[in-house]
Structure formats: C-alpha cells, structure tokens
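Novice: For reference, the chains in residue letters:
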Amino acid sequence: MTPFDNAQGRPRDFPVIFDFSVPGRVGSSYPNPDVPDTPLEQLIPASQLRKEPAALPEVSELDVVRHYTRLSHRNFSIDEGFYPLGSCTMKYNPKIHEDAARLAGFARLHPYAPAEGAQGALRLICELEELLAEISGMDRVTFQPAAGAHGELTGLLMIRAYFETRGERRTKVIVPDSAHGTNPATAAMVGYQVVTVKSDARGNMDVRALREAMDGSVAAIMLTNPNTLGLFEEPILDVEEIVHRAGGQLYLDGANFNAVLGVTRPGDQGFDVMHMNLHKTFTTPHGGGGPGAGAVGVKAHLAPFLPVPVIERDGERFRLDDQRPQSIGKIRAFYGNFGNLVRAYAYIRSMGADGLRQVAETAVLNANYLLARLRSRFDLPYDRLCKHEFVLSGARQKRQHGVATRDMAKRILDYGFHAPTIYFPLIVEEAIMIEPTETESKRTLDEFADAMLAIAREAQDDPEVVKTAPHSTPVKRLDEVRAARQPDLRWKPR
Amino acid sequence: MYPKDLRYSSEHEWVRVEGGRVRVGITRFAADRLTDVVFVELPAAGAKVTFMQPFGVVESVKAVSDLYAPLSGTVVEVNPALVDSPEVVNSDPYGKGWMIVVQPDDLRELERLMPVDQYVVAIGEAAP
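Heads up: the protein sequence lines correspond to chains A and B, in order. Counting from 1, one number per residue, gives the positions in the first sequence under the UniProt record's numbering. Counting from 1, one number per residue, gives the positions in the second sequence under the UniProt record's numbering.
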C-alpha cells in the first residue's frame, strides 16, 4: 500500500510495518549452506518450538528503511526546534559527543571483555565517577541505573538497606506536593508509606508541616532542589537539620541539577543520596525514550550498599569489585548505558569547571528573561526570581475566554515549537512549565516569547483558532480520552 | 453545582448520609479540575478506610490523584459502574458517579467536614 493519498503528500493513514508485508518477501537472501542442514527439531526441544510460524512482517530492507525514516520525519527533536519542556532539560546534545561514543575502543568493546582488556573503558567510568563526585559533593557514584526513576529506586533501596543494617524499622518517606510523580511511586515500590507535605505560599517546602510529619518512623525525605516550580528551596538548611536530627536520610531528585552546576553542591547542603540525570544535565541523548543514564551519588555511610560491581582504582589499573557483602546487588545488566557515560565524560571535559558554572548561570538567565517577557500576559502564582525554569498559569485565559492550557500547548505546535510541560506541577492550576535551557540564543527565546504572546492575544480575539489547534501537524487533536478508556495497543492480523 | 444536603472534605470528597451509612463521591469542582476521568481504583467491600487517608485513586487524562476517606469506617458497597464507565464521575458526580458506601465507625466524624456554604468559599466560588 502507499502511505500517501495525493500529490500534496498528506498521510492517508498511519500504516504499520505489517501493512507493507507481501508473502515471501525477504530483507536479505543467503547462499545455500555448504554444510549439512540440521533440522530444527534436533536442536531445540519440541516443547520450546512454535506450533505456528510467528506473524512477522515480510518486507524488503528498503521497505523497512523507508517506513521508519518516514516515521522519523514526523518526530520532533531538539535538532529541529526549540523544546522548552519544563523539568526535562531538553538542551542541545553536541555532535562531538557522538564521535567520542563511536570510537571503536568504546563502541565495539565486548560487554564480557575481561577487566584487563577493558582498562580504557573502566578508567573512563572511574574518572567520570570522580568528576561527578566533585561536582555533586558526594563520595561515590554508581552508573548502573538506566534513568532517573531507576536511580530513585536504587537510592531508596540503599537507604532501606542502611536502616536494616542498623536494625532500625522505618516505614515512611516524605515527599512534597510539588514532587515529580516518580518520587511517591518509587517510595511505594520500595515498600514505604508516602507522606505528602504541602508547599508554602512562597513555593518552598512548608517547614512547619515538615516538623510535624518528621519522626523516627520516617526513613527519608525526597526533595527536588530547585523544586519543580523552578524555585530554590530557601529553607533547605532547616530541612536538613530537621530530617537529620530525627535520624532520616535526605534524598535529592537531581532532575533540576542543571540550575546549580558549579554554583552549589547537594552534598554540601546535606543530601545523603542523589540521582543525576546524565540525559538532562550532562547532554546525553534524551527524548524518544532514551536510553538514559541515572547516575546515583551517595555519601560514604551509604557506599557499602552501592550496586555491584563497583569500579576501583589501584594506581593506574582499574578493576571491577563484586565482593561487597552489603551491596543491594545488581540492578542493571553489565554497567549501565555505557555509551552515554562516554558522552557525559566528553561534555564535562570539554566544558571544564568554569564552563559548567556558566551552564547554570546561562540556564537561569534564559529562564528569567523568558519569564520577564511573558509575565504580563499570563498568571504567575509564585512570583520569585526563578532558577532554570518557571511555572505560569493559564487560569486567566481559561476563566476569561474558555481557552485551557491544553489548547495553548496545542497551538504552540503551529508556531513550530515543542509545547512546554503542562498540568505539572499539580499545585498550579492550568500549569505551563517552561525550561529554555542554556543552549538557546536570545533570538530563539524571543521567537518563542512572541509566539506565546500571540497565542495569549488569539485566546482573547479568536479563541476558536486556539481551541481547535493544532492546524499544521500531520494529525490534529488526538482523542486522549478514548485512547485512555479504550486503549488499542497491539497490531492484529486482519 | 454543590448540593446543600451534603458535607464536604478539604480534599473535595462529598458525603451523603443515608440512614446510618454514608455515600461518598468527589465534587463537581474536583471532577472539573481533573478533566475527563479515565480510571477509578476503589477498595473492595469490607475494606477499612480511615479519616483523611487515601482509599483509592482517580485517574484523568491530566493527572492521577488519591481519593481521601471523609470518614473512618468499613466499605459496604462499591460503585461497579465506574469500571466500564468512569466518565459518569464527570457527567453526574453526585449521582451515578458515586464511589463507595461506608458504614462509619462514628457518625459524629461528620462534624469535621464542611457544610456547603463553607466549601464553596474554600474553593473560591463564593465570597467569604
């Protein structure tokens, strides 16, 4: 079948690879073997053989290449346009990192290569650990977690193991109401009861509420700093004192680490564990599902619980250490997403200490510039100097013109930008969360601000054009409600 | 929008007294804020619920939120219609969109909930 229905090239449908299938078509053909053929039944037990052949698509290599290349054209990426998705740090990923990750000595290294044959890779991991420990103020770092939420799980498992070793039974984890949804989910998964503490009028964690919630049954508090409102938690030192005095641990969700690189260190603020999203702060690829890398840093008292193996340096030699009896065990095959560690290492080395500080300063400057340009036309529930991102509210547009934040987010696609994060954090009505990152020019920021202001005007003068957006994308407004209520997740033969 | 014969919690649940039992759902305000509800997770009949502790989860296309028990007691009935038609939470929050019926431990706990005039002020839909 052909995927386009007319000369304008408008997609007729969204064919899946199976729709291109023709019986007998193959991607490659091999010469007949010059050794005797062994029947499958002799190689594999009958109980493990299929009764019927799998319904795989029968397509040529070119069919496959064209289909997926076409799909990729419908994607939106940071290489194509501005991507101000709040809390996700969609910064540009420099291409030189791809060169580094593709060096044959890294890319073609066999995962089962013995340590003696992988000294370069182990040295890179070890040096990256030392660099991130210095940047974060932590003592040790593991790179096994595959993403941020996986890092949270690893961190809380270590905290649980720490209390078990001490014979302490603690049952609760505190999270603020502005937290990423993964925080309470992680705590629940590790078996803790989640206690939510509200934010105060300035957008900080409410210290009085924390004091009331904190006692000897609380294992940890999970905090994001700057928090998801893009605001630095001003009472962080009070929080540290309250939690540590009651014997609890401080976990930092490092999703927003980009805002404070080289300026302040979570370890110095008293955090015991933190995860760092290498795919946010340290420019490893992001979006499109990863793979990510959620490095986890810990203070020395938690180091015995790190996942195995840990890489140890003996002078100029590097070895994998599996002999750690208190370790929480293995949480990922091999050593995490190694290619991304190479990219993060290349980034840190090319930026240097001063460069990393400049990253944070420019990210904060860009966010405050955008905020200053937008604040007159949108509500701003927490009016403070922001860090790397800020949260507006579309409540005014909804109340006055019936235009919801979702409508404005759809409309921004028509202007050629990715939409900001919307309806998060949950404590802001009709939330619009914007994170420009440091890699955008003033010109791009201005173009985006102009578009947002134009949409605010449209909401007032021509609300229908916003409510029915997007108008220029391959598909119009998707039926999210039907997709959630009647999910159709799997291709079935007709 | 907010029936006068109900009591309301700060977490936007409503309570209707029916004899010695109470029926529980979420308010129009909560349903509107959530937008289209796509999934409701409720406890089984016989489960214990505790005042202002989560008893279930409501999920919309926008957010996943806990449901908080407005009274302590035992669940005696669960709305079976919400499994296939969660949208009634939006279309009829005080009627077909009810969630659970609770046998309260102590009906006097109702005093800790708000009457309608206080609730509409709390959500900013009436002057204090």
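Be aware that a few hints might be false.
[Claimed, not checked] With a Cα cut of at most 20 Å, we get these calculated EDC-like pairs of lysine to aspartate or glutamate:
hint, chain 1, residue 1, chain 2, residue 2
1, A, K467, B, D32
2, A, K398, B, D36
3, A, K398, A, D322
Calculated directly from the structure, the hints in this document are not laboratory data.
Novice: For the pair supplied as a hint, A/K398 and A/D322, is the alpha-carbon distance within the 20 Å limit?
Specialist: violated, 57 Å
Novice: Quickly compare the C-alpha distance for A/K398 and B/D36 to 20 Å and report which way the hint goes.
Specialist: Roughly 16 Å between the alpha carbons, so the hint for A/K398 and B/D36 holds.
Novice: Under the criterion that the straight-line Cα-Cα distance not exceed 20 Å, is the pair A/K467, B/D32 satisfied?
Specialist: holds, 17 Å
In this structure, the one hint that does not hold is number 3.
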